[in-house]
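S.K.: The chain contents come next:
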Amino acid sequence: MPKPEEARYTKTHEWIALEGDQSLVGVSDHAQHEMGDVVFVELPKMNQKLEKDKPCTVVESVKSAFDIYAPVAGEVSAVNAAVTGDPAIINQSPLEKGWLFKMKAANPEDLKTLMDWNAYQEFIKQGVH
Amino acid sequence: MEDITTLDNRLSIEKSSPGRRALKFKGRLKHSAPPIPENLRRKTAPRLAELSEFDVVRHFTRLSKINFSLDSHFYPLGSCTMKYNPRVNEDIAALDGFTGLHPMAPDEAAQGTLECLYNLQTLLCELCGMEAITLQPAAGAHGEFAGLMAAKAYFAHKNQKDRVEVIVPDSAHGTNPASAAMLGFSSINIDSGPDGRVDLEVLKRHLGPKTAVVMLTIPNTLGIFESGIETISKMVHEAGALVYMDGANFNAMIGMIKPGELGVDIMHLNMHKTFSTPHGGGGPGAGAIAVKKYLDAYLPVPVIKKEGNRYCADFNRPLSIGKVKAFFGNTGVLLKAYAYLLMHSPRELGEISENAIINANYAKALLKDYYPSHSKDHCMHECVLAPSPEMMAKEITTLDVAKRLLDYGFHAPTIYFPHIAHEAIMIEPTETETRETVEEFASAMKKISAEALNNPQKLKDAPQTMPVKRLDEVQAARQPNLRW
Numbered sequence: 001m002p003k004p005e006e007a008r009y010t011k012t013h014e015w016i017a018l019e020g021d022q023s024l025v026g027v028s029d030h031a032q033h034e035m036g037d038v039v040f041v042e043l044p045k046m047n048q049k050l051e052k053d054k055p056c057t058v059v060e061s062v063k064s065a066f067d068i069y070a071p072v073a074g075e076v077s078a079v080n081a082a083v084t085g086d087p088a089i090i091n092q093s094p095l096e097k098g099w100l101f102k103m104k105a106a107n108p109e110d111l112k113t114l115m116d117w118n119a120y121q122e123f124i125k126q127g128v129h
Numbered sequence: 130m131e132d133i134t135t136l137d138n139r140l141s142i143e144k145s146s147p148g149r150r151a152l153k154f155k156g157r158l159k160h161s162a163p164p165i166p167e168n169l170r171r172k173t174a175p176r177l178a179e180l181s182e183f184d185v186v187r188h189f190t191r192l193s194k195i196n197f198s199l200d201s202h203f204y205p206l207g208s209c210t211m212k213y214n215p216r217v218n219e220d221i222a223a224l225d226g227f228t229g230l231h232p233m234a235p236d237e238a239a240q241g242t243l244e245c246l247y248n249l250q251t252l253l254c255e256l257c258g259m260e261a262i263t264l265q266p267a268a269g270a271h272g273e274f275a276g277l278m279a280a281k282a283y284f285a286h287k288n289q290k291d292r293v294e295v296i297v298p299d300s301a302h303g304t305n306p307a308s309a310a311m312l313g314f315s316s317i318n319i320d321s322g323p324d325g326r327v328d329l330e331v332l333k334r335h336l337g338p339k340t341a342v343v344m345l346t347i348p349n350t351l352g353i354f355e356s357g358i359e360t361i362s363k364m365v366h367e368a369g370a371l372v373y374m375d376g377a378n379f380n381a382m383i384g385m386i387k388p389g390e391l392g393v394d395i396m397h398l399n400m401h402k403t404f405s406t407p408h409g410g411g412g413p414g415a416g417a418i419a420v421k422k423y424l425d426a427y428l429p430v431p432v433i434k435k436e437g438n439r440y441c442a443d444f445n446r447p448l449s450i451g452k453v454k455a456f457f458g459n460t461g462v463l464l465k466a467y468a469y470l471l472m473h474s475p476r477e478l479g480e481i482s483e484n485a486i487i488n489a490n491y492a493k494a495l496l497k498d499y500y501p502s503h504s505k506d507h508c509m510h511e512c513v514l515a516p517s518p519e520m521m522a523k524e525i526t527t528l529d530v531a532k533r534l535l536d537y538g539f540h541a542p543t544i545y546f547p548h549i550a551h552e553a554i555m556i557e558p559t560e561t562e563t564r565e566t567v568e569e570f571a572s573a574m575k576k577i578s579a580e581a582l583n584n585p586q587k588l589k590d591a592p593q594t595m596p597v598k599r600l601d602e603v604q605a606a607r608q609p610n611l612r613w
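Listed in order, the protein sequences are those of chains A and B. Positions 1 to 129 (the numbering used here) are the ones given, in order, by the first sequence. Positions 130 to 613 (the numbering used here) are the ones given, in order, by the second sequence.
Just so you know, the hints here were simulated from the structure itself, not pulled from any lab data. Note that the Cβ used here is the ideal one computed from N, Cα and C, for glycine as well. Heads up, a few of these hints could be off.
To be verified - Distance windows between CB atoms, simulated:
(1) B/K144 / A/A88: 37 to 45 Å
(2) A/P108 / B/D291: 30 to 38 Å
(3) B/T251 / A/E42: 28 to 36 Å
(4) B/P475 / A/A88: 52 to 60 Å
(5) A/A119 / B/A307: 50 to 58 Å
(6) B/P585 / A/A88: 19 to 27 Å
(7) B/H551 / A/E42: 56 to 64 Å
(8) A/A88 / B/P518: 23 to 31 Å
(9) B/E260 / A/A88: 48 to 56 Å
(10) A/T84 / B/E330: 35 to 43 Å
(11) B/H551 / A/A88: 56 to 64 Å
(12) A/K97 / B/F444: 37 to 45 Å
Okay, chain B solo, but in the shape it has when bound:
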């Protein structure tokens, strides 16, 4: 019997039939461009799919239907803040005035865009309790890189080049030590205490004249707030070092806490997480870095300034680390973030983080007897759970639970991260999910737990309802077969 799935999974090129067309042009196309010189013309026709319009519609509609996406499913991917991205953001970023602007246009011709970026800078500084900012970095890790580079320039300028160490707790995002290493710092990994927070004694032991920066992820990857942050900042400053905050989890703090007031010197923000711009599939993102006044001079050029009633891009910054991204960064993404901020009053911004925290704690509470939490404390915007000991006794792993969730119509949470939690299941519902959705998700998780005890094979065989079944990840990684 013919395999129906194989037939269905054909690529557009495999459905091609010579001469078939979606659009037919009468006569020859007239174009005003000069003809392409003979030696630059290709000898053979490009291998493009030749399809009817109906074929094209069906092909892409089918692909969109098998796509497991935020638009069709709850997506509780911890550490990713997969919140609803208001569609109006897209309309605003697509306005002709923005999209029609030439990237090399002089400031006088770009006043509208510059004004938006300037206002966004001001709003973000206010939310962070910071005094200067750059919008250039393309994403969070790029922000870390640029932020640490500014810190390096700061110490070089102060003649403290022997500050070569960056301390990173094991509860931080994995990009933190990587960014430090890329800049030639040696990154020192410190173990967190039993409650998942920074162990002040351990930190103290590692702080010294060689310390440049201490990088904290707040809330950390266990979803826990670093309640000792003010003490930590004080210790770090006394050692002459700087505090960097990975703000990827800012969705848990926005409108409630200003990191600058807690002693943070440098932080990055992810527009594509907290500020509702789309992400996944490789971007584009945007990762602003906000800093205190004494680090302003080292930020990348240009910084958008206001002089009188005019906005301008300031390149005259002799201590700057230079450019880290073309033009003003991913401007479209920044405009979406600006639109999102304008839609919320200061009080509503606080409600974002409140509801994100409530949703995560609600999920955690609903699941406490089935998937115990790594931490006894309340969590912030995400919780880290694991299968119960009874489930594990049936040799059920977190991977099995994640695969089975797909059959229940939920995207799998982040799994096996953070490393410091055994068999981690990291759930971040975000504030934009309703109470009902969180309950439906918890109910599916409970059913899976029951299945694990009564019929564990069901989990081992999952997913059953997806276009592809359980993939052989080991084989795929050991002997990758890269083709299409």
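Just chain A, same shape as in the assembly:
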């Protein structure tokens, strides 16, 4: 499972980390904190085609429902059923146990276009969103 420093991040606060020939996707620790207690998770479908920056699934907290955007283009290769049964996992362990789905990136090199840990920390500090 990825360490926060090894993942790449989007401006919409998803993280993505390469694991073998697949990539794990979830919401960042910052995002889970901002959303508050997660109460419902919808997962994408297996083999669903993903377009970069297009909403692919939804996470709902006590505050609101949030779209989850695909960090890169590709296809869903696995989903984490554990988070639909117990959405609190996303708050407790957004990177390790709380990943949402695995995907096969159309071009794994695309991950490098996203923010690395340091850039993401800087991005949060600016408080853009």
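With the hints as your guide, set chain B onto chain A.
M.R.: What follows is chain B alone, placed relative to chain A:
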């Protein structure tokens, strides 16, 4: 010890005692209807509360007393325009001539109602600077749906079916992208600029031959007027697309600004917000859509027309998107809105929006050192604030402030909306609140701010004076226990 609250909170059915009655009928009731066939009769008696008249009076009086409502409390719910609904509206909508009308009555027998609806259409078109209107949609989001459907029909008729995108800034109401998606458009969310307005450069990048409609909420959910609207309209029209205005916040503009003159092509109005008809608790509402002449043909049927001295419902509109609601829409609600409009002169209508804006800015100014505003600009009819950094340093959230307000006798404002503002507290006092009420509210908010710094636990434990204390929202959402 027995729990007093539990005892008090019994449902009427739990207070029931077999054979107890509020009304006693002497002998058998005689009715002229034919007896119900044996096979259709129920086998067991319905489980209804059996109570004395006194029980009934006390039960419902108690419920009305624990109700936190507009009739008893200031209700500054942002984006909802919880203004005073004049009671005379109710009397007028309840007149026998309106309520006794059969919905299938021919036009000749419905002249009075048709005349009122026709006049309402005319007045609303005038206020919006528009040329055609339908009163049918049941509420704002239904209006968005019908309005976008008309836009879709318009492009289909012009053979521009490849216009499949609807652009929505992130400062718009959440229903906007949802309505677009329901009609099969793909909705494109664009980030607003640092001042909370549409970023013209970003908009320009997304406009193109695929754009059908740009949906703007004016004033937007930050309570800010889209001052670039004329430029935006020009850009959108040059791209061959239409401008839709979400008019849910029309209370900030009524009598002052005519959206049609700013380039808006389609807009909806919420009778239950701007035009003082009751809302909350699920309706009914009414969400008229006003459009420019070139979209008239696509509006739902029927449209109320005047021919000579007679009023009629015009169904003969071949390009129409069809019906979106039974009969003429929520006629009772429309009649209340008409009564409200007749009560105000054109100048007074302008004063509605002026005072709504003044009240919101007054609240914002009174609270500026305690709850900083998201925007540096003056707001329109509502302001978006947040707890001060000092309060947040004590781990006080907007939710805590909202709960504590209940103890001070104020309904909580809208919270955590819009999403683009951190820990948003969205306050809309409306024009019908007095200066004193706005000051009392601000004073409570300041006291809460002081409590947050000196005794934050007080906010965490709030509310203390309500029939129920802090609810476990997380548990309620994760493991709902739906029963009564």
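S.K.: Please go over all the hints and tell whether each is borne out by the structure.
M.R.: Evaluation of the provided hints:
no., hint, result
1, B/K144 / A/A88: 37 to 45 Å, "39 Å, holds"
2, A/P108 / B/D291: 30 to 38 Å, "34 Å, holds"
3, B/T251 / A/E42: 28 to 36 Å, "46 Å, violated"
4, B/P475 / A/A88: 52 to 60 Å, "56 Å, holds"
5, A/A119 / B/A307: 50 to 58 Å, "33 Å, violated"
6, B/P585 / A/A88: 19 to 27 Å, "25 Å, holds"
7, B/H551 / A/E42: 56 to 64 Å, "25 Å, violated"
8, A/A88 / B/P518: 23 to 31 Å, "29 Å, holds"
9, B/E260 / A/A88: 48 to 56 Å, "54 Å, holds"
10, A/T84 / B/E330: 35 to 43 Å, "40 Å, holds"
11, B/H551 / A/A88: 56 to 64 Å, "23 Å, violated"
12, A/K97 / B/F444: 37 to 45 Å, "60 Å, violated"
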